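**Student:** Work out the full structure, taking the sequences as your base and the hints as a guide.
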Amino acid sequence: MKYWRALLHYYLSQLIPGLALFFLSWAFIDLIWAMGIYILLAHVVGYLAFRSFYAEQLNFYNNLGFTTGRLLLNVFYINLLLLLVLAALISLILWVLF
Amino acid sequence: MKLVGLNITKSYGANKILEDVSLQINAGGIFGLLGRNGCGKSTLLKILFGSLKADTGSFYLNQETYEPYHNFRQQKVAYLAQDGMYPRQLKVKDLIPMACPEGAVQDRIFYTPGIHELTKKWVSSLSEGQRTYLGVVLSCYMPHSVLLLDEPFSMTDPKTIEQIKILLEETAKHKAVLITDHYYHDVMELCSEIKVLQQGKLYETSTEEDLKRLGYIR
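Protein chains in written order, with this note's numbering: chain A, 2 to 99; chain B, 7 to 224.
In case anyone wonders, no lab produced these hints; they're calculated from the structure.
All values derive from a computational prediction rather than experimental measurement.
Treat the hints with care, as some may be off.
[What the hints assert, rightly or not] Derived coverage of chain A by chain B (criterion: at least 3 residues anywhere in the stretch with Cβ under 8 Å from a Cβ of chain B; other residues may be distant):
#1 6-16
#2 25-36
#3 64-70
[As the list claims (entries may be wrong)] Non-contacting residues of chain B with respect to chain A, defined by C-beta distances greater than 12 Å in every case (computed):
#4 42
#5 100
#6 169
Here a beta-carbon is modelled for each residue, glycine too, at the ideal position from N, C-alpha and C.
**Tutor:** What follows is the structure in C-alpha cells.
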C-alpha cells in the first residue's frame, strides 16, 4: 500500500464518530451488538462525519487514488481486523480466567 | 500528454453554468482559464478531475476515452482546490511523505526553494500564501500527467509567484497544466493559451483588450 500514511491519517481522522457509536451501542444495548454495529456502520458514520467537517480534504485523498468506495472499504477492513483481534483477546482472557 | 473535453454542459436547476464548453490542455504549454467569480471555473475543473459529474460531455486523455470518475484510481489528473485541501493537523515534514511516498521525490520537494523553512511547521500555522505554495509544489511532484490548479497564486507574495511560475514552467514541459487565477497579468505572462469563461461559454483571448471586451476587466 503506497499511500498507507494517508490511509492511516484518514482512519484516525474519522475514528471518533465510530467509537462514539460503539460506546453508545454498548451503553444502550450490549457489547456483542455494539461490535456488530461498529463493524457494519462505523466506516459509514466516520465517512459522513469526515465529509461534513473536512469536505475539502477529500480532494487530497482523491488525488492519492482513494475513491469514496475505497476509503470506506479500507476502513471497514481495518475495523474488522481490529475487532477480530479484540474479540480473540477477550476470548483468551475469559478462557484464562474461567 | 493531452486532455480534451468536448461539449461539456452543466446546470444547477435552471442556472446553466457551462454551455457546450470544449477545451484541450496540452503538455509543453500552460492553459490559462480566466473568469469572474462564480462563472463556473471551479465547476469545470471539478468536472475534469472527476469530483463533479457533467450533464453532458466527452473526455479524452491522449486520444483514449477518459472517464473522469475513474481518474481517482488511475491517478491521471490531479486537482489543487482553492480552499486548503491538505490535512491541517500535520507538520509539513509529515505531509510530504504522505503525498509523495517515493524517497527521491521527497528529496526534490524538500530541496525546492522555500519548502525547507516550512518543514517543521504545522500546516495549520502556515499563512494562506504558504499553504498555496506548498499545495502547488506537492501537486507538481505527484505522479499525475495532468494538473488542474485552482488559484495557484492566491494570497502569495511576488517572490513566491515568481517561484511558482518557474516551477509550473518546468512541470509543463512533461505534464499538461491548466491554471485558473484572478492575477491575470501573471496568468497572461505564464500561459501559452488563455481562455475566458463567461456566461457558460469559453472565449479565446490573448490581450488585455480582449479581456476588456469580454468584461473581465475595465
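**Student:** Compare the structure with each hint and give your call.
**Tutor:** Hints versus structure:
1. 6-16: Holds: 4 residues of the segment 6-16 of chain A have a Cβ under 8 Å from chain B.
2. 25-36: Result for this restraint: violated, n = 0.
3. 64-70: Since three or more residues must qualify, the claim that chain B covers the segment 64-70 of chain A holds, with 5 doing so at under 8 Å.
4. 42: Residue 42 (chain B) is indeed farther than 12 Å from all Cβ atoms of chain A, at 22 Å.
5. 100: violated, 8 Å
6. 169: holds, 22 Å
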